[in-house]
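Peer 1: Residue numbers (this note's numbering), protein chains in the order written: chain F, 1 to 346; chain A, 1001 to 1346; chain H, 2001 to 2346; chain V, 3001 to 3346.
Source of the hints: derived by calculation from the structure; they are not laboratory data. Possibly wrong hints are sitting among the right ones.
[To be verified] DMTMM-like cross-link-like pairs, simulated, lysine to aspartate or glutamate; straight-line CA separation at most 20 Å:
1. H:2256 <-> A:1044
2. F:255 <-> V:3201
3. V:3255 <-> F:201
4. V:3100 <-> V:3133
5. V:3256 <-> F:201
6. V:3270 <-> H:2201
7. F:256 <-> V:3201
8. H:2100 <-> H:2057
9. A:1270 <-> F:201
10. F:270 <-> A:1044
11. A:1256 <-> H:2201
12. H:2270 <-> V:3044
13. H:2255 <-> A:1201
14. A:1255 <-> H:2133
[What the hints assert, rightly or not] Some, not all, of what chain V presents toward chain H, calculated at C-beta under 10 Å:
15. 3176
16. 3289
17. 3292
18. 3345
Everything numeric in this text was worked out from a predicted model, so none of it was measured. For every residue, glycine included, the Cβ atom is placed at its ideal position computed from N, Cα and C.
There are 4 protein chains.
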Amino acid sequence: MVKVGIINVTGYAGVELARLLRRHPEAELVSVTGRSEAGKKLGDVFPHLAQLGLTIEPEVAGSLDIVFSALPQVASAEAVAPLVRGGVKVVDISADFRLKDPQVYETWYKSVHPAPDLLEESVYGLTELNREEVAAASLVANPGCYPTGALLALAPLVQKGLVEHDVIIDSKSGVSGGGRELRRENHYSEVNENVQAYGLDGHRHLPEITQELARMTPQEDGFRVTFVPHLVPMTRGIFTTCYAWPVAGAFSEGKKGQQELAELYREFYKGEPFVKVASAPAQTKQTWGSNDCIVHPVLDRLTGRLVLTSCIDNLVKGAAGQAIQNMNLMFDLPETAGLDYPAIFP
Amino acid sequence: MVKVGIINVTGYAGVELARLLRRHPEAELVSVTGRSEAGKKLGDVFPHLAQLGLTIEPEVAGSLDIVFSALPQVASAEAVAPLVRGGVKVVDISADFRLKDPQVYETWYKSVHPAPDLLEESVYGLTELNREEVAAASLVANPGCYPTGALLALAPLVQKGLVEHDVIIDSKSGVSGGGRELRRENHYSEVNENVQAYGLDGHRHLPEITQELARMTPQEDGFRVTFVPHLVPMTRGIFTTCYAWPVAGAFSEGKKGQQELAELYREFYKGEPFVKVASAPAQTKQTWGSNDCIVHPVLDRLTGRLVLTSCIDNLVKGAAGQAIQNMNLMFDLPETAGLDYPAIFP
Amino acid sequence: MVKVGIINVTGYAGVELARLLRRHPEAELVSVTGRSEAGKKLGDVFPHLAQLGLTIEPEVAGSLDIVFSALPQVASAEAVAPLVRGGVKVVDISADFRLKDPQVYETWYKSVHPAPDLLEESVYGLTELNREEVAAASLVANPGCYPTGALLALAPLVQKGLVEHDVIIDSKSGVSGGGRELRRENHYSEVNENVQAYGLDGHRHLPEITQELARMTPQEDGFRVTFVPHLVPMTRGIFTTCYAWPVAGAFSEGKKGQQELAELYREFYKGEPFVKVASAPAQTKQTWGSNDCIVHPVLDRLTGRLVLTSCIDNLVKGAAGQAIQNMNLMFDLPETAGLDYPAIFP
Amino acid sequence: MVKVGIINVTGYAGVELARLLRRHPEAELVSVTGRSEAGKKLGDVFPHLAQLGLTIEPEVAGSLDIVFSALPQVASAEAVAPLVRGGVKVVDISADFRLKDPQVYETWYKSVHPAPDLLEESVYGLTELNREEVAAASLVANPGCYPTGALLALAPLVQKGLVEHDVIIDSKSGVSGGGRELRRENHYSEVNENVQAYGLDGHRHLPEITQELARMTPQEDGFRVTFVPHLVPMTRGIFTTCYAWPVAGAFSEGKKGQQELAELYREFYKGEPFVKVASAPAQTKQTWGSNDCIVHPVLDRLTGRLVLTSCIDNLVKGAAGQAIQNMNLMFDLPETAGLDYPAIFP
């Protein structure tokens, strides 16, 4: 059994990790921390996790094979750097090891990177796209929820060089993506019956998306990306709608082009246990509680534009589920171990 | 492997059965029916169940050990009676075999019972209260969602004879309890931002509750029950609040009485895998997606009245989960097989 | 024009007062305060109120005829006492002047009352029941949202002496009733898809309800009341379900009794502009955004018990709307001035 | 007083018209129809409208100055054509008179237009953009909810020729936009906790948007438009996000360009009672229940792309409110009569 620790189990990514690990056949959760709740039984804070029989500690303790950090950025790098250097494998759910360039990190996170020496060895853990590097990694930077949805929707076209490098990403996220901290933006009465855009002057997930799109191309060519996240009144789920032009001649006109596009996606994601290519428009509810990502690519029949949509549960494939998927690879376990559940409907 | 069929997989109880059976370690779902969708692939109707690889059939087929019926009343008894008579075990999720007296059935369901000869052998499948009968049964009448929540909240007091036989049950249910059929009462725009009482002239779950409360007492003494269900804007969950008077001298006054009450419940449900006695007020969300029932009994410190609350997920412990729990007993499987998942939070 | 000030316009009761006053034909809002937002334009904090052209001030200022206080308890009494003594009329939306006995206040609010000398002259502003006193008052204690719904549901029976003095009040409230402060209990992700009971060891609105029920009886006879509030996932609305026994012989049996009960209520609320007696079960949505209270009394046909339900919008009839209704009486304006809007549906 | 009739008051646009007319100072609702509910009192179907004292009739009757039709397409044209020909003014909320070309109508609505002779005289009732024509019209085609949000977001740029004729419109709508008919897509349990795109093969509001964008340009130049509507779990509101490129040199770079853009919008909508240009990101909740449209234009600082967002209440500015705004112009009433209410918050 892989011995697992979670730093900051009291946030939504942390508590979701604990839920999923509770049923993992080859991993055992042995130590959890949580800043404000240290000393309490996990089951007193989260009754549904009482059966884990754990107490929230001030620091992860014991002999651990892997630690997940669900701390906010900066604090996360500070907490995991000593672990990585001490030989413990780490999946960092924060943003700290996603951006390869510490200058870009500083620009977007307004903080000097706490451990720039670890950036080179860290692997961007979008599992389907970086499977081999993840398997060999000691430090995985778990992707952001928005980038996960956007990159999986765009990857087949980008890797094949079939899309212009100018992309619009319009994302719609449930409220849990904003975390468990109390803010006006997650007060029920202010979010319910409300849709709003935010981050219109630049959201922190943008440089992450741009970096990874470039990495998918042969010469790491740049992309011009406009990314607009929206907050919608639901707890879980991200619906991503990407707009882009195909390169000239990439697809036939009309229905035939649509078939070629669908075939490209089906081929690209063939055999993937979690990424499904839908032939009908997808819904976030079809991924609720599961590690699935449903992708539905469309060639707009009237304009020839590409409309690439995807659905994920932001706390599973967008955070805790993908983190466990990465752990499975890092320990040579079946990739679906502990994750092979259908979505909950309705 | 137990071979399983589901009649009417396309309703909410049916689709939830399929989801849970998909992960059951000792049962295999081999045949599903659905009236209006016969001929379609299950995965085309419910994408999250595509991996089951099933096609919706007009009739359950093949060599089946057990059939779950999720049909509406009357139709359900008609469909399962031949199966029962033919030696197939049945768990009926409809109301058809819950009421022992066919006259009472006729009064409340406005229909002559289609198979009154089977009423005697049928077992009321509130698992925790009828474990042995369920284990030996060929035909289990799976309880209604409201009765499940109410009876588990009241059982310890009723069985011990500590409560007056005059009970108020005020229930708050999510919308999925009303099923998947299209009705004005489940149109999003009419249910959202709305709470309403219904069934004020008598809800069909009332005689079921009254019958089972009486069965818990030595001489099957009657109960006077007022039951008022309310519809609240959420998909899953039932919160039940029961009000009753303790019999004279049942509990001490003040905090000591509260401790005695809590102790009574803890003792009663000791060792139960799914019924938990909470020491803090429970929330339906703590049972979301799981087969748990959380009970929280209170002795009102100012009046001495009993306030007995419970939470369930109406589609799991209130329907599909309890049905599988019953199946496990009927086939001598571990009672938690396929059901041992924590709730999903948030 | 009546010149109006609002203390603490930035809470939900305060902002709702401002919205309603914006359209009041005979009152003008001239000064608003808000602790943390002083100095800002009201329209910058609440864009929908930009047209009022007001700036949030540290203290109410100018020549004011009436001040509404939407501060929390204790702070409210401290703020309005000097105003009352200085001859400004006050409607206090906090709990500070509702309980007549300062000892009871201290027991429930854990604070010495800041202005006990004003308790005697304060009038409990449940408008329909205390119309004359309100009209003559200088200081009105605006009722709590839960007491408003419960007392209007019970008043006809209590005033006529037709009900036993033992009452259960089971209330279901939207989240805005808990105010605008950030607390775990109003985080969207924790409240959505969730129902919970709270205040099981005694909610502060209980002594208010008990006091007012007693005041409705000839000798101010006491009532035994169990009050259990529940939080449901919606922004606005309170559904109240009261359970009680009629006194012997109060009503005929069966349908005739139901007709007598309905007739009693219709007669009692005859001519009331805001209290409507429904012949079908009511829904909170039918009062959304309006000052209406819909009452629906039922004589349970199977037990003879009374089930008395009511619906209000907690921020209108349960707070700001009733406050303006009281103001109208205090200034001899038409009682419906500024309040005569139908609910918003859907 | 203007005498008003509503055809099909029982749909959401119809019932919202009735609500707003109930408080209109210079119009009186005298006749309402509703196919399935004819013969019932309006107050029995919609309790909040009981005070109107109307009965639902099979046909509009009496001496009427104007009729609003809230019927579905085809049926609406059939019902209002005789009225128009008979000299009664009509505002048609259906799509029947929006598309000027009956061939385009037939292509998108799969029906021969029932009254093509009236198309020429009909006026597209997006009030702010066609004020004079509306004032002189006998037949107004009230715009669709999506086109209203999109066209108001784009108009300043299009009319000034500052935007390339290639536009993406990504809209997020509440469920009431889909009407009151019962469909799987508005079952609470299937819509709640869910976001989905639809109409990916072409939504009927697309040709309406394209037609009106072209009409705003000097030579009615065509636009290439991709329009993707999304359904989000709320009752009311549409958030529209439009993406486009400015023409070369239209705006300065960086913050200065943003200021120029904002100034362009403020100037364009100067004096408009209902269209507000926000300097911070807008939220649909800020328009809930009101006739407001809040527009927030952004020049993406990293790409120079235009991101043009707007918020409306789909049932008010997107349907009934704009219809009344048009009526006001047609009868030379103040444009804000009966509509001058702030949004309801929270």
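Peer 1: Now tell me, hint by hint, if it's right for this structure.
Peer 2: Do the hints match the structure? See the list:
This hinted pair does not check out: residue 2256 of chain H and residue 1044 of chain A have alpha carbons roughly 54 Å apart, beyond 20 Å. Straight-line distance between C-alpha atoms of residue 255 of chain F and residue 3201 of chain V comes to about 11 Å, which keeps the hinted pair within the 20 Å bound. This hinted pair checks out: residue 3255 of chain V and residue 201 of chain F have alpha carbons roughly 11 Å apart, not beyond 20 Å. Between residue 3100 of chain V and residue 3133 of chain V, the direct Cα distance comes to roughly 15 Å. Compliance with the 20 Å bound is thereby established for this hinted pair.
Of the supplied pair hints, the one linking residue 3256 of chain V and residue 201 of chain F holds, its CA atoms being roughly 14 Å apart against a limit of 20 Å. In summary, the hint linking residue 3270 of chain V to residue 2201 of chain H is not supported, as the alpha carbons are separated by about 56 Å, beyond the 20 Å threshold. A threshold of 20 Å between alpha carbons decides the hint, and for residue 256 of chain F with residue 3201 of chain V the separation of about 14 Å falls inside it, so the pair holds. Taking the CA atoms of residue 2100 of chain H and residue 2057 of chain H, the gap is near 32 Å; set against the 20 Å cutoff, the hint is violated.
Restraint check: the Cα-Cα separation between residue 1270 of chain A and residue 201 of chain F comes to about 56 Å, which exceeds 20 Å; the hinted pair is violated. Distance hint between residue 270 of chain F and residue 1044 of chain A is fulfilled; the C-alpha atoms sit about 18 Å from each other, no more than 20 Å. Restraint check for residue 1256 of chain A and residue 2201 of chain H: the C-alpha separation of about 14 Å stays at or below 20 Å, so the hint holds. A C-alpha spacing of about 19 Å is found between residue 2270 of chain H and residue 3044 of chain V, which places the hinted pair at or below 20 Å, so the restraint holds.
For the given pair, residue 2255 of chain H sits about 11 Å from residue 1201 of chain A by alpha-carbon distance, which is consistent with the 20 Å threshold. At most 20 Å may separate the alpha-carbon atoms for a hinted pair to count; residue 1255 of chain A and residue 2133 of chain H exceed this at roughly 41 Å. A cut of 10 Å between beta carbons decides the hint on residue 3176 of chain V: the least distance to chain H is about 6 Å, and the hint holds. Checking residue 3289 of chain V against chain H: minimum C-beta separation of about 5 Å stays under 10 Å; hint holds.
For the restraint placing residue 3292 of chain V at the interface with chain H, the shortest Cβ-Cβ distance is roughly 8 Å, inside the 10 Å limit, so the hint holds. Residue-level restraint check for residue 3345 of chain V holds (minimum Cβ-Cβ distance to chain H is 6 Å; threshold 10 Å).
Taken one by one, the earlier hints fail for this structure at numbers 1, 6, 8, 9 and 14, listed in ascending order.
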